[in-house]
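In case you want the letters, here they are:
There are 2 protein chains.
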Amino acid sequence: MKIAVAQMGVVPGHPDVNVQKMVVEIEKARAQGCALIVFPEMAVPGYLLGDEWENAAFVNDCFAYNEVIKDATQGIAAIWGNVYVDAQKRGEDGRVRKYNAAFVAQNGEWAGNGHVFKTLMPKYREFDDERHFYSLRKDAADQGVSLESLLQPFELEFDGVKRKLGVLLCEDMWSDDYSVNPIDLLLANGAEALINLSCSPWTWRKNNKRHSVVRNRIQNHPVPFVYANNVGTQNNGKTIFMFDGNSTVYNPDGSLQRVATDYIEETIHAELFVPQQTVCPNPVVSEERDREELLAGLVYAIRSFFATFQSKRVMIGLSGGIDSALSVALLTEALGAENVFAINMPSQFNSETTKGAARRLAENLGIHYTSISIQHSFENTVKELEAAVFERLDGSQALVPVHLSGLNRENIQARDRGSRVLAGVASALNAVFVNNGNKTETALGYATLYGDVNGALAPIADLYKLEVYELARFINQKKGREIIPATIFEIPASAELSADQNVDEGKGDPIFYPYHDKLVRAFVEFRLDPEDMLRYYQQGILGAVLHCEQTLIDNYFKTPEAFVADLEHKWRLYKLSYFKRIQAPPILAVSKRAFGFDLREAQNGVHYTREYQRLKTELLGK
Amino acid sequence: MKIAVAQMGVVPGHPDVNVQKMVVEIEKARAQGCALIVFPEMAVPGYLLGDEWENAAFVNDCFAYNEVIKDATQGIAAIWGNVYVDAQKRGEDGRVRKYNAAFVAQNGEWAGNGHVFKTLMPKYREFDDERHFYSLRKDAADQGVSLESLLQPFELEFDGVKRKLGVLLCEDMWSDDYSVNPIDLLLANGAEALINLSCSPWTWRKNNKRHSVVRNRIQNHPVPFVYANNVGTQNNGKTIFMFDGNSTVYNPDGSLQRVATDYIEETIHAELFVPQQTVCPNPVVSEERDREELLAGLVYAIRSFFATFQSKRVMIGLSGGIDSALSVALLTEALGAENVFAINMPSQFNSETTKGAARRLAENLGIHYTSISIQHSFENTVKELEAAVFERLDGSQALVPVHLSGLNRENIQARDRGSRVLAGVASALNAVFVNNGNKTETALGYATLYGDVNGALAPIADLYKLEVYELARFINQKKGREIIPATIFEIPASAELSADQNVDEGKGDPIFYPYHDKLVRAFVEFRLDPEDMLRYYQQGILGAVLHCEQTLIDNYFKTPEAFVADLEHKWRLYKLSYFKRIQAPPILAVSKRAFGFDLREAQNGVHYTREYQRLKTELLGK
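Taken in order, these protein sequences are the chains called A and B.
Just so we're aligned, residue 0 is where the first sequence starts under numbering that gives the first Met the number 0, counting upward by one.
Just so we're aligned, residue 0 is where the second sequence starts under numbering that gives the first Met the number 0, counting upward by one.
Pulled out of the complex, with its shape left as it was, chain A reads as follows (with noise of 0.2 Å):
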């Protein structure tokens, strides 16, 4: 039995988009001798919608859809993923009742009851399928039925022969921390193949972890496993996931049949219930291939935001410094040189080193460049603020003058360079600008509001600092030539804002990276508290946990004082620096837990555990 996967690239919030990409690709399907095409899920309205599940006349509309899709089976069966709405009855929220449903038709017909519910329901990082659907189990817990019994395979006749099968949507598969086993369920009600759809974001070795978990599901009862995930992109506004679709057709034994590319719209064709198996290899789990997989989806994901736009001009701001370079490299990876301006604004304190390093790596690229200064604006604004006095009217006039610090000044020439010459020029040539910031200075606030933090886009914001570092050797090991400069690997990591942070004098950022960013990455992925960076240190065990050389962190803290000092500097510029987070551009997701509504927080200041403060008093004898 020839069966078709329909990797879609989802558009998601266009329902009238995806139906004709749907009705195009089952007569495709037809045609080619199909028996059966598979959809991802929710492949009609896209999955990542915000609150828009709220608006009823939307949701109908993408469930009306279902009719058309329907109409499109005379001689094939399909499988998709769509909004059920029970206008009957009300959700939790007290407003029209929705599923996440899979829908099964065949011959113009549905099959059976046409529908499926989703069991499971995920709520952690980006999903919120509590909020805005009812899920089966809730529906046999009202009935005071088994969710045995509502979890039936759809009986499909094929050719002659009946077959059952048992249809699933995503976290159904992930079952590992509920008490409920759909998989297990659908086998007991006799399933022959299991259709899993899926919208799935890329994560690291995510596809790796799937396979063994395919195999797993099945191993005690073989049958036919697809997985149907859609590619494209979808946001939540402040955090963008990258779909890599790699549908994959796994045999009975759970090894892999057929597999579709990565990022790429296509639709595999493979085969169900047949003697003869085809098999490919399991890919293979490397370093090179994370990078490769990591520079894919970042070059994919701008590619697809900009999509979005009239325009696809991108301008961004070149420092010399290796965070834009990475930047601009991937800029022009997904959108071609002659859409991509680059703009360098020095200012005094910027060395002839970074400036021409910038330059150089726009050469490299073939890229439209200038220079501003904003030295003379800096001055001015420096001038006219500081004649500014503030007088009380309450009849007292009492005055208050406006004096600027060193940070103050700082800060000035990131605010002249993001919203006056970057902002000015981008809407000037109707062009979007980027946000070049790195996880680690984000995740401590090392940025200027209303300067640095701008952009529209945020593409590496995701990646740790000596990330960076590492997928621009392999931006210029791929490309067999220098793309990026050696001097901007050669220099330290500085702003250049200050005549403390001249590079020339090998002065730079006042982060030990090679430690920070693995600090960095305990707070926000692994979701740990700095009682536990403290009772690992304590044991001497935190260069194990946090995957970084015990001998770097004893080097650097030279006493346990030094230590904890830098601990609690480092929480504390997390915590507090969310209010820049929160004004911050949307970042492309790639990690475990991205800022945004990934990692959803909230502005509560620095606090301290109790076991946390015992330690610190056991460590420092006082």
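Heads up, a few of these hints could be off.
Note that the list lumps identical chains together, so a pair holds whenever it fits in one copy or between two copies.
Below, a list of computed lysine to any residue pairs in the SDA-like style, where the Cα atoms sit at most 20 Å apart [what the hints assert, rightly or not]:
| id | residue 1 | residue 2 |
| --- | --- | --- |
| 1 | K205 | N281 |
| 2 | K208 | R94 |
| 3 | K205 | F132 |
| 4 | K569 | R609 |
| 5 | K88 | S178 |
| 6 | K161 | H114 |
| 7 | K579 | Q309 |
| 8 | K382 | R480 |
| 9 | K163 | E469 |
| 10 | K88 | R526 |
| 11 | K591 | I474 |
| 12 | K208 | S254 |
| 13 | K208 | G542 |
If you are wondering where the hints come from, they were derived from the structure by calculation, not from laboratory data.
The structure displayed is predicted, hence computed values, not measured ones.
For this one, chain A is given, so just place chain B on it according to the hints.
For chain B alone, coordinates are given in the frame of chain A:
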């Protein structure tokens, strides 16, 4: 039986501070002869913590504080909200399992098993209970027992009399949209009094709604009902919620025995199980009272927000328009004139009328005031940016000049004010500066990113434009003198960024606020679609649905074509301007739906349903 209800100012994320307060209140209540003291939901950790619930060290610290509170209950009983940690089990996110729980202790011992879990999990608006907590419903399902069997009252002995207290958490009383009703189950299980611990933010006329819900819940089974709610503000970064408290003890007939003062940290006393009831009147519902509550809430929330900063100094740009006028009046009321620094930042387009009004306003308030012209800086920026030329570094030496349009120049002025002057001066004075946007312009994107979108707090961004005028008028009326000068009410609302926005010539914003305020509300709060608007318009009931005079709409749009063009223009602005809201400051939520973490959006562009297209064709006859 005398009880105390502690309307605490819960400090989210700071269990040490909260527990210290709780122990003091327990001791006071015992000394005052109370047999029982009741605290709000999540009184120990706070409730809106973002994903800090995933920090196991923090959560364990909070949970362990239960022992401290239990130990303080010698000679009294206490009921309080906190997180319950089941270290042996996993939640559905794979992390340690947590419950939103109430704890009950008396005389230093747990009553029964000492705790009960929340049954109903809100997951609309700002609520994310399902994300973080396991529910009693899931426990019942996992154990294969009925919810009734788990939802038992606590039996405590007071003066030799055994009393069964039914304890619930917040949403458990708001069960209309759920398939289970915890109050009915507790009453069926013999509860002689109901005690609801809440962490429930103020919303319009919510308290009256609650009074009627309580009456309804106990009308067939009269028992005393205690509602303990906290004061303070809590946030999820993008949205800040104000908690009015309004803790209430109800008599068994649903009448009010005792109501705590809004926005005041106080402990009220009341009597349970007495034949003779004290009754205080139900609050009067009126527009006057609504405005009083709104004003009190905004002032309270601003004060509470600034309480977390070291400096109380606030800076604001005063344009001479109504939005900044209302903002500065609120800031002055909340923080005192001595802490308020206002700057007027004229360019050539600002009239003497508005400049004069701004200064007059500052005089009326007795605040600090200065004026910094942006004209020179604006001209310099135009000159510098237009002098720049991009050179294509691909050997072609193709040149791209920079030309600034009229709109580009307007935005340069706004950014000069927001990112150069306000941000620069605020940092010099160690002050926080605010955003003056209203909800209508926030929704339609009628503001400049990195310009007037800037600020650490948007105090009035959840008020529509006409509500801004109303509240400003109310302040003048309440103060019995001119705070906000009459001129400001008389001139048209205008951005004054070009000659086309000259207030002296009666020119202003391209927004018809009496209608567009209501249209925006329909989109944002009623969650309606252009399809709905068009249907109501066609049926002639749009005015009635929007609570806007129909003649206003008919006079403003002379033809269906004009109506449709405006509808599509505003829907498009609302959807596309989300890129600005992503980078906008935290908003004080006062409506049924505020931007940010309350209304969650996605950058998915503009979509019209098929039904919209059909209605449009029908209406326009083409």
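Structure-based check of each hint:
1. K205 / N281: Within. Shortest intra-copy distance 13 Å satisfies the 20 Å Cα cut-off; inter-copy 58 Å does not.
2. K208 / R94: Cα proximity of K208 and R94: across copies only (19 Å, versus 37 Å in one copy).
3. K205 / F132: neither (25 Å within a copy, 26 Å between copies)
4. K569 / R609: within (19 Å within a copy, 53 Å between copies)
5. K88 / S178: For K88 and S178, the Cα distance is within 20 Å only across copies (11 Å; inside one copy 26 Å).
6. K161 / H114: Intra 18 Å, inter 53 Å, cutoff 20 Å: intra-copy only.
7. K579 / Q309: between (29 Å within a copy, 17 Å between copies)
8. K382 / R480: neither (46 Å within a copy, 39 Å between copies)
9. K163 / E469: Classified as neither; 49 Å inside a copy, 65 Å across copies.
10. K88 / R526: Intra 39 Å, inter 18 Å, cutoff 20 Å: inter-copy only.
11. K591 / I474: This pair counts as neither: shortest intra-copy Cα distance 23 Å, inter-copy 50 Å.
12. K208 / S254: Within. Shortest intra-copy distance 14 Å satisfies the 20 Å Cα cut-off; inter-copy 59 Å does not.
13. K208 / G542: The answer is neither: 26 Å in one copy and 56 Å across copies each exceed 20 Å.
Of the numbered hints given earlier, the model fails hints 3, 8, 9, 11 and 13; all others are met.
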